[in-house]
Amino acid sequence: MRLLLPISAFCALASIGTLASPAHAALETGAHAPDFTAQASMGGHQFSYHLAEALKTGPVVLYFYPAAFTKGCTIEAHDFAEAIPQFKELGATVIGISMDPIDKLTQFSVSECRSAFPVAADPNGTVTNAYKAKMPAKHLASRTSYVIAPDGHIVLSYASMSPDEHVERTLAAVKALKAGH
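Under mature numbering (1 follows the signal peptide of the UniProt record, and there is no 0), residues -25 to -1, 1 to 156 are what the sequence shown spells out, in order.
Simulated from the structure, these hints should not be mistaken for laboratory data. It cannot be assumed that every hint is accurate.
[Claimed, not checked] Between beta-carbon pairs, the in silico distance windows are:
1. D126 x D78: 19 to 29 Å
2. P111 x K153: 31 to 41 Å
3. A112 x F44: 19 to 29 Å
4. N104 x M136: 10 to 20 Å
5. F44 x T101: 36 to 46 Å
6. P60 x A112: 31 to 41 Å
7. Q82 x D54: 12 to 22 Å
8. P60 x G19: 14 to 24 Å
9. H20 x H53: 29 to 39 Å
10. Q82 x D126: 28 to 38 Å
11. A6 x Q82: 27 to 37 Å
12. K113 x P60: 31 to 41 Å
The beta-carbon is built from N, C-alpha and C at its ideal position, and this holds for glycine as well.
Could you build all of it, start to finish, from the sequences and the hints given here?
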C-alpha cells in the first residue's frame, strides 16, 4: 500500500525532516524502514516485538537510546511515557531500543517507561546498525528517533544526544502524517 499525502502535508513533513537533519548517518526521510523482530519488554513482561506487525495498526515511533538508567535516557523515557496518550489518540505506537540486555530493559520498562510502552533489546547491535543509529567506536546506540508510516517508509529521522526534543518532534511528525490522510 502506498501512502499518498496532499502537498501541504508533504511540505509539513519535509520541513520537519529538514529541521531534524541528523548530525550522523541516520536513515533519511523517505527511506524504507528495515523490518526487525526483537525481544522486548513492557510493564515487566517480555515478548517478541515485530515491526511489520506493529505497522499494521498505524505509524510507529521508533527511538534508539544509549543505555537504560542513565540520566538522558531516563528523561527521554519519562517524556515518552507522559506523551503515550497523545500518540495513542493519533493511532501511533512507540518503542525504544537500546543495546542493553533484556533483563535490564525489563526493569527499565516498569520504572522509567512507567509500563506505558515497550523497550527492545538489541545486544548485538543488529537493529541499531540497520538503522544507522550506532555510536562510532562504542557499543551504544546514539539517541536517534524515527517515525515510520504504516507503509514502512520513514517520515521523520531525528538525531540529537539531547533528549529534549525527541518527543516533540516525533509527535509533530505523527500529527502531520495523520493530517495527510
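- At the C-beta level, are P60 and G19 separated by a distance inside 14 to 24 Å? holds, 21 Å
- Item | A112 paired with F44, Cβ distance criterion 19 to 29 Å | 22 Å Cβ-Cβ, so the 19 to 29 Å window holds.
- Query: Measuring from beta carbon to beta carbon, are Q82 and D54 in 12 to 22 Å?
  - Reply: Check passed, 19 Å falls within 12 to 22 Å.
- When you take the CB atoms of H20 and H53, is the distance between them in 29 to 39 Å? violated, 20 Å
- Message: Between the beta carbons of P60 and A112, is the distance compatible with 31 to 41 Å?
- Response: Between P60 and A112, where Cβ atoms are some 39 Å apart, the hint holds.
- Query: Does the Cβ distance between P111 and K153 fall inside 31 to 41 Å?
  - Reply: With Cβ atoms ~35 Å apart, the hint holds.
- State, for the Cβ atoms of N104 and M136, whether the hinted interval 10 to 20 Å holds or is violated. holds, 18 Å
- If you check the beta carbons of A6 and Q82, does the distance land in 27 to 37 Å? holds, 33 Å
- Query: At the C-beta level, are Q82 and D126 separated by a distance inside 28 to 38 Å?
  - Reply: holds, 35 Å
- Message: Quick check on a hinted range of 36 to 46 Å for F44 and T101, using CB atoms only.
- Response: Violated, at about 22 Å.
- Message: Just to be sure I understand the hint, the distance between the Cβ atoms of K113 and P60 should be within 31 to 41 Å; is that true here?
- Response: holds, 34 Å
- Query: Between D126 and D78, does the beta-carbon spacing fit 19 to 29 Å?
  - Reply: Given range 19 to 29 Å: violated, Cβ gap about 35 Å.
In the structure shown, a violation is registered for the earlier hints numbered 1, 5, 9, in ascending order.
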